[in-house]
Amino acid sequence: MMRALWTAGSGMVAQQANVDVISNNLANVNTTGFKKSRAEFEDLMYQTIRAAGSTTGPDSQLPAGVQMGHGAKLVATTKMYTQGSFQATGNELDMTIAGDGFFQITMPDGTLAYTRNGAFQRDSQGRIVTSEGYPIEPAITIPSTATAVMVSKDGRISATIPGQSTPQDLGQLQLARFVNPAGLSALGSSLLVPTAASGDAVVTNPTVDGAGGIEQKYLEMSNVQVVDEMVNMIVAQRAYEMNSKAVTTADSMLEIAAQLKR
Amino acid sequence: MIRGIYTSASGMLAETARTDVISNNLANVNTTGYKRDVTINKDFASLLMERINDGPVTPIGGMGVGTMVDEIATIQDQGAFKVTGNPLDVAIKGKGFFVIQTPAGERYTRNGSFQRSAQGELVTSEGYRVLGQGGPIQLGDTEKVNISSDGRVQLQQPGQIEAVEIGQLRIVEFADEKQLLKEGDSMFKAAPNARPQASTTMVEQSALEMANTNAVTEMINLIAAFRSYEINSKAVQTHDTLMGRAVNDVGKLG
Numbered sequence: 001m002m003r004a005l006w007t008a009g010s011g012m013v014a015q016q017a018n019v020d021v022i023s024n025n026l027a028n029v030n031t032t033g034f035k036k037s038r039a040e041f042e043d044l045m046y047q048t049i050r051a052a053g054s055t056t057g058p059d060s061q062l063p064a065g066v067q068m069g070h071g072a073k074l075v076a077t078t079k080m081y082t083q084g085s086f087q088a089t090g091n092e093l094d095m096t097i098a099g100d101g102f103f104q105i106t107m108p109d110g111t112l113a114y115t116r117n118g119a120f121q122r123d124s125q126g127r128i129v130t131s132e133g134y135p136i137e138p139a140i141t142i143p144s145t146a147t148a149v150m151v152s153k154d155g156r157i158s159a160t161i162p163g164q165s166t167p168q169d170l171g172q173l174q175l176a177r178f179v180n181p182a183g184l185s186a187l188g189s190s191l192l193v194p195t196a197a198s199g200d201a202v203v204t205n206p207t208v209d210g211a212g213g214i215e216q217k218y219l220e221m222s223n224v225q226v227v228d229e230m231v232n233m234i235v236a237q238r239a240y241e242m243n244s245k246a247v248t249t250a251d252s253m254l255e256i257a258a259q260l261k262r
Numbered sequence: 001m002i003r004g005i006y007t008s009a010s011g012m013l014a015e016t017a018r019t020d021v022i023s024n025n026l027a028n029v030n031t032t033g034y035k036r037d038v039t040i041n042k043d044f045a046s047l048l049m050e051r052i053n054d055g056p057v058t059p060i061g062g063m064g065v066g067t068m069v070d071e072i073a074t075i076q077d078q079g080a081f082k083v084t085g086n087p088l089d090v091a092i093k094g095k096g097f098f099v100i101q102t103p104a105g106e107r108y109t110r111n112g113s114f115q116r117s118a119q120g121e122l123v124t125s126e127g128y129r130v131l132g133q134g135g136p137i138q139l140g141d142t143e144k145v146n147i148s149s150d151g152r153v154q155l156q157q158p159g160q161i162e163a164v165e166i167g168q169l170r171i172v173e174f175a176d177e178k179q180l181l182k183e184g185d186s187m188f189k190a191a192p193n194a195r196p197q198a199s200t201t202m203v204e205q206s207a208l209e210m211a212n213t214n215a216v217t218e219m220i221n222l223i224a225a226f227r228s229y230e231i232n233s234k235a236v237q238t239h240d241t242l243m244g245r246a247v248n249d250v251g252k253l254g
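Residue numbers (this note's numbering), protein chains in the order written: chain A, 1 to 262; chain B, 1 to 254.
Quick caveat, the hints were computed from the structure, so don't treat them as lab data.
If you're wondering where the values come from, they're calculated on a predicted model, not measured in any experiment.
C-beta: ideal position from N, C-alpha, C; glycine also.
Please note: incorrect hints may appear among the correct ones.
Pulled a few chain A residues facing chain B out of the computed Cβ check, cut under 10 Å [to be verified]:
#, residue
1, Arg3
2, Thr7
3, Ala39
4, Ile49
5, Ala72
6, Arg177
7, Val202
8, Gly210
Construct all of the structure, not just a fragment, from the sequences and the given hints.
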């Protein structure tokens, strides 16, 4: 059958994946701490029909060959860890990381997950938890009598207790860094887990080794640029359309071939 | 049999190959650093026809017997740039290729969408190391990466003003770019006798080179290929009709 049918078909599949990735970025345009992904493509293998440089005579070689490509493939969906913009919320348990680094979260099974979403809450025991109720690591408990919670840039958390002249120190927030954050695997719910590609977490205090300082009462917005995504969507749709034209052309050619025999 | 039926069929086959190549260009319209291909056809060696009846053998001229794909040439034009803001994206402005270390040896690419591996090395999306003048480029983990327009890679430690240069991207050119064979995965392999030469081409950080496929040209070529195919199919049918006459009508009596 015609190679073009499959080649153009692979282009359609690739562009469909592109639209999927763009759609997810757009769906999370208002998700706190969301990092956009980018679909990356590469060409598929080539069939060498005539190799360049093969001998055509006693003293002559083919200057160029015949190599037929077989389409495109999705090779990676890379997360882009650029800083999102900040939004002032006034909520004292909202925190944002100005720099690289991730908050550490203890999952129900005891393992650690990582997030840039600093919209924390207080649970019934006074622990600082995510919106899902997972505590941050190291765990920090706010006394029930506390009237205000302060988070310093370097991650020290303290609380004002009525009747005490100095704020009570509650603990030290720590951040994790990764050599290759693009290699983290997304779990959903703004949570990420390390993989062999990301390397192991390097735990430091905020502001140390580029981990970034903590800004209290701010949230990090998603880093999705709506205009970029819309333009990418248009490009992906047109690319899909062009590939569909190639598929219909190949189909028409097959039809002609079939009609040769009358 | 009638010679023309094979001639027309060879035309159909050549247009099939042309459609295959156009489809590949279209499939890769969003592939970073992709370079489009074009088919170049040639005619088969024409036959010298000679008169053999009625007297001495005399030449009466040549006659073509069809076409074939002679070459699929890669057009190494510059693709458009797309600014991404990602510090590990690098686009080449002008001629030249990045050198990539793969298990099968050195390969060349225009796809500058690089990543940092878990070991802190600059790698491609496939995980192959990007080579600098002195071997793989080790980025470490905590640093901001600056890549100057001449490919010098500098690292800036957090809180430091001075950047430290750790190497320079190796960018090479080929005197004859036709000596490069596409291998898939955005990579080119050099023919054994092609010698890469050091290049002084500039690069741009935080940008990617897009495919140099031109949508309008490809769509027009697609239409042209389709119509040529159709015309050749008509010629096949005409020859078939002629043969039908010869077989069924010539010997008919009464």
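Comparing the hints with the structure gives:
1. Arg3: This hint holds: Arg3(A) lies near chain B, its Cβ roughly 4 Å from the closest one there, short of 10 Å.
2. Thr7: holds (4 Å)
3. Ala39: Ala39(A) check passes; min Cβ-Cβ to chain B is 8 Å, inside 10 Å.
4. Ile49: Result: holds, 8 Å to nearest chain B Cβ.
5. Ala72: holds (4 Å)
6. Arg177: holds (7 Å)
7. Val202: holds (7 Å)
8. Gly210: With a closest approach of 3 Å, the Gly210(A) hint holds.
Every hint, counting from the list given before, is met by this structure.
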